[in-house]
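There are 2 protein chains.
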Amino acid sequence: MIDYKIINAYVVTVNSEFLIIENGCVCIENDTIAHICETCDSHDIEAETVIDAQGNLLLPGFINAHTHAGMNIFKGYADDLPLQQWLFDYVFPVEAKFTNRENVKIGSSLALLEMIASGTTCFADMYYFVEETARLCEEIGMRAILSQPIVDFPVADAATPDEALQLCETLMQRFANHHLVQVVPAPHSIYTCSAEYVQKARALANRFNAPLHTHLSETAEEYNNCIEQHAKTPIEYLNDLGCFDGKTIAAHCVYVSENDREILAQKRVCAVNNMQSNLKLVSGVSPVPELLESGVKVCFGTDSVVSNNSLDMYTEIKTAALVHKYRSGNASALGAQQTVFMATRGAAECLGIDHLCGSIEVGKKADLQIVNINQIHVVPLYNIYSHIVYALQGGDVDTVFINGKCVYLHKHFQGIDAFDVMVRAQELANTIIDEMANR
Amino acid sequence: MIDYKIINAYVVTVNSEFLIIENGCVCIENDTIAHICETCDSHDIEAETVIDAQGNLLLPGFINAHTHAGMNIFKGYADDLPLQQWLFDYVFPVEAKFTNRENVKIGSSLALLEMIASGTTCFADMYYFVEETARLCEEIGMRAILSQPIVDFPVADAATPDEALQLCETLMQRFANHHLVQVVPAPHSIYTCSAEYVQKARALANRFNAPLHTHLSETAEEYNNCIEQHAKTPIEYLNDLGCFDGKTIAAHCVYVSENDREILAQKRVCAVNNMQSNLKLVSGVSPVPELLESGVKVCFGTDSVVSNNSLDMYTEIKTAALVHKYRSGNASALGAQQTVFMATRGAAECLGIDHLCGSIEVGKKADLQIVNINQIHVVPLYNIYSHIVYALQGGDVDTVFINGKCVYLHKHFQGIDAFDVMVRAQELANTIIDEMANR
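So the protein sequences, as listed, match chains V and B.
Going by numbering that gives the first Met the number 0, the letters in the first sequence line up with residues 0 to 438, in that order.
Going by numbering that gives the first Met the number 0, the letters in the second sequence line up with residues 0 to 438, in that order.
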């Protein structure tokens with residue numbers, strides 16, 4: 000028995016032929032895409048629930064390949080400040096005081112709901128109290144690659160890097176073969192995690208055939224300091240440590256030499272472009288067209304809301320596509336179809352989950368978004384990829400499926416009280432405002 | 000008798016003190032803001048209609064200071080192409096064939112509705128068949144400064160520049176003292192309009208004490224050609240022609256020397272930053288922080304949807320605020336409050352209409368937007384300006400008033416059949432697709 004039959008859909012499969020079906024029908028059985036029909040003549044297929052997409056878009060869910068979900072409680076707490084002041088006077092102090100198990104749960108709840116409501120069905124995260132976020136993913140029904148931060152100094156959920164590694168391993172075991180969640184290690188960056196723990200994290204990841212998640216070459220300061228200290232670029236330095244000998248999710252990659260690009264391509268490192276965050280923090284702009292040219296796999300992430308301040312992938316990919324054109328001097332750089340690919344199937348390939356999701360193909364898990372194109376700002380329609388990248392917004396998402404489960408239906412969250420999450424988040428924010436003002 | 004009483008509003012006045020009233024009430028009488036109450040104890044004020052804002056944001060409507068509304072019929076027609084190919088192989092041919100009175104009416108209808116639904120209450124336009132757009136503004140209830148293009152060669156609505164000037168003058172007379180629409184001349188640019196007609200346009204504008212609207216120093220090619228031909232920058236060239244001896248709305252201003260900045264400041268030229276368009280067409284980035292530093296008045300525009308592809312001022316100002324930080328190397332450049340100012344009261348000052356609109360103050364016309372902040376992606380709230388610039392989107396706008404008239408109520412257009420506009424626009428687009436494929 001088919002669970003869901005989505006009819007009258009403008010199906011953008013993002014399969015290898017980039018097939019678009021104008022009046023298609025997609026059937027979901029359990030967690031899987033069971034049928035894709037080129038016409039809606041599949042009315043003889045009986046289904047538990049029929050959803051009439053009314054000519055709207057059916058797209059693979061977006062993949063947000065780098066964020067810090069728990070930080071959503073700090074959205075808008077500190078903006079428009081120079082990096083050092085922002086970090087040391089605002090972000091670090093408020094995190095030191097308020098990053099605990101309960102608050103991460105609130106932050107991650109906000110983040111998961113925000114992502115779902117804007118069409119994101121999978122994300123790669125790096126934040127403390129991974130298990131809280133993992134349990135939320137289970138509860139709400141979100142796909143995620145959650146990473147345990149590993150740093151040299153004491154942090155919210157671990158007093159030492161060894162403790163963090165141990166915690167990570169425990170969670171990797173606990174969530175092994177989980178249907179939604181994978182836990183992986185995250186040596187935070189070269190400036191917070193020593194060589195020894197980078198290598199231990201890599202070894203741990205490899206024991207589970209899991210990716211490792213890290214921040215890489217985000218700022219000029221990081222890049223120049225590394226050259227000064229090690230006579231190597233951050234990418235050369237980590238490569239020499241063996242950090243890339245296994246799947247790697249590398250956020251930022253703003254400062255990359257020609258040799259760096261070759262390393263990233265050869266080691267099949269997944270480079271995550273966080274355009275809006277890199278602009279807002281004045282970090283720079285990753286040379287994504289050149290990375291792609293060198294054969295590096297690139298996808299997109301929003302980074303945390305503290306440096307964005309949104310998890311909406313629509314605005315992220317529009318800004319990325321526009322700024323890469325400007326920076327590279329090439330109006331054809333990051334064309335609309337390629338950009339959509341990089342936010343869906345390309346991202347799944349980057350993260351090593353393209354056997355599960357990233358496109359609308361029979362046998363893949365049903366990670367889907369229905370997007371309302373019967374709206375004044377997306378009329379008329381000439382090219383659907385142009386509209387996805389340049390004209391649609393997160394708020395246009397109507398319905399979302401993850402792993403075959405309808406988690407958001409006609410703009411309503413299913414099975415979670417979003418209002419309660421919002422109330423608890425604002426109460427916490429009020430406490431944060433009071434206590435930080437009085438410190 | 001008060002026509003509308005908006006209660007329980009989070010009023011962001013953008014007045015000179017940047018007053019914010021957390022639980023305020025704003026009363027509209029006819030076209031004007033009649034009362035602003037700091038509490039909702041104004042229940043004794045009787046009103047025809049009470050609108051409960053439910054704690055949502057009440058903001059001045061945004062002002063989109065440079066666009067080409069009629070081009071909305073071409074949204075997404077051609078993207079990701081090098082400028083010359085885009086212009087000569089796509090935009091000019093399709094415009095030559097399809098820009099006529101009836102189609103401009105369809106395009107402008109789309110544009111007006113898209114702008115209203117995303118919180119824009121006033122726009123400065125430059126396109127053919129001005130009267131069609133003017134009549135639509137009247138009908139729908141939109142505030143606008145509409146400009147008649149003046150170029151050396153035959154265009155859709157004028158065979159000669161003299162004819163365009165004559166047409167412009169007729170319309171300026173016809174709409175003199177109109178409650179919503181002002182018509183002004185637009186010598187298109189230095190590369191399409193000769194010195195003689197720039198000067199004639201300036202003289203015409205001055206006879207009506209009206210601004211002149213032009214494209215200025217948009218591309219490196221324009222800048223370099225001008226220096227080659229006239230040994231002057233485009234700004235110096237127009238200044239020497241007397242073009243700035245009167246109110247001027249100058250779109251783009253991407254290439255500006257230090258001397259140019261002084262000229263723009265001294266002549267009180269309004270520089271319109273069209274960030275997304277300038278990125279998409281690889282024109283460059285206007286040095287807005289430096290312009291502001293020099294005392295130049297700057298506001299924002301989306302440009303046409305053919306180079307954006309959206310009229311949403313929320314994404315426009317977010318992208319602008321982020322890219323200016325990156326380009327200037329200063330994370331504090333275009334801070335959130337300043338950016339909101341530049342999209343509202345600052346823009347009204349730029350366009351010389353701040354006695355009418357741009358802020359929520361008693362005596363000003365009621366040009367207002369109610370924005371839904373009871374949503375997961377804008378929780379929690381620390382700083383309302385941060386949310387406006389970095390987290391909200393056009394789709395979050397719930398209700399819009401222009402000149403005291405409610406034109407959009409709880410996401411429904413008032414007194415216009417948006418569905419009919421959409422159907423006619425798509426029919427036209429289908430014809431465009433067919434005919435351009437067969438040419």
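It is possible that some hints are incorrect.
Below, a sample of chain B positions facing chain V; criterion: calculated Cβ distance under 7 Å [to be verified]:
1. Asp78
2. Phe91
3. Pro92
4. Ala95
5. Glu113
6. Tyr389
7. Met421
8. Met435
9. Ala436
10. Asn437
Think of the hints as simulated: they come from the structure by calculation, not from any bench.
For each residue, glycine too, the CB sits at the ideal point set by N, CA and C.
Going down the list of hints, with the structure as the test:
Hint on Asp78 of chain B holds. Least Cβ distance to chain V is approximately 5 Å, under the 7 Å limit. The criterion of a C-beta within 7 Å of any C-beta in chain V is not met by Phe91 of chain B, whose closest approach is roughly 16 Å, and the hint is violated. Residue-level restraint check for Pro92 of chain B is violated (minimum Cβ-Cβ distance to chain V is 14 Å; threshold 7 Å). Hint status for Ala95 of chain B: violated, given a least beta-carbon distance of 18 Å to chain V, over 7 Å.
Interface restraint check: Glu113 of chain B against chain V, minimum CB-CB distance 5 Å, threshold 7 Å, status holds. For Tyr389 of chain B, the shortest C-beta to C-beta distance to chain V is roughly 4 Å, which falls under 7 Å, so the interface hint holds. A distance limit of 7 Å between C-beta atoms decides the matter here; for Met421 of chain B the minimum to chain V is near 5 Å, and the interface restraint holds. Hint on Met435 of chain B is violated. Least Cβ distance to chain V is approximately 10 Å, over the 7 Å limit.
Nearest Cβ of chain V to the Cβ of Ala436 of chain B: about 11 Å, over the 7 Å cut. The hint is violated. The restraint placing Asn437 of chain B at the interface with chain V is violated, with a minimum CB-CB distance near 16 Å, outside the 7 Å limit.
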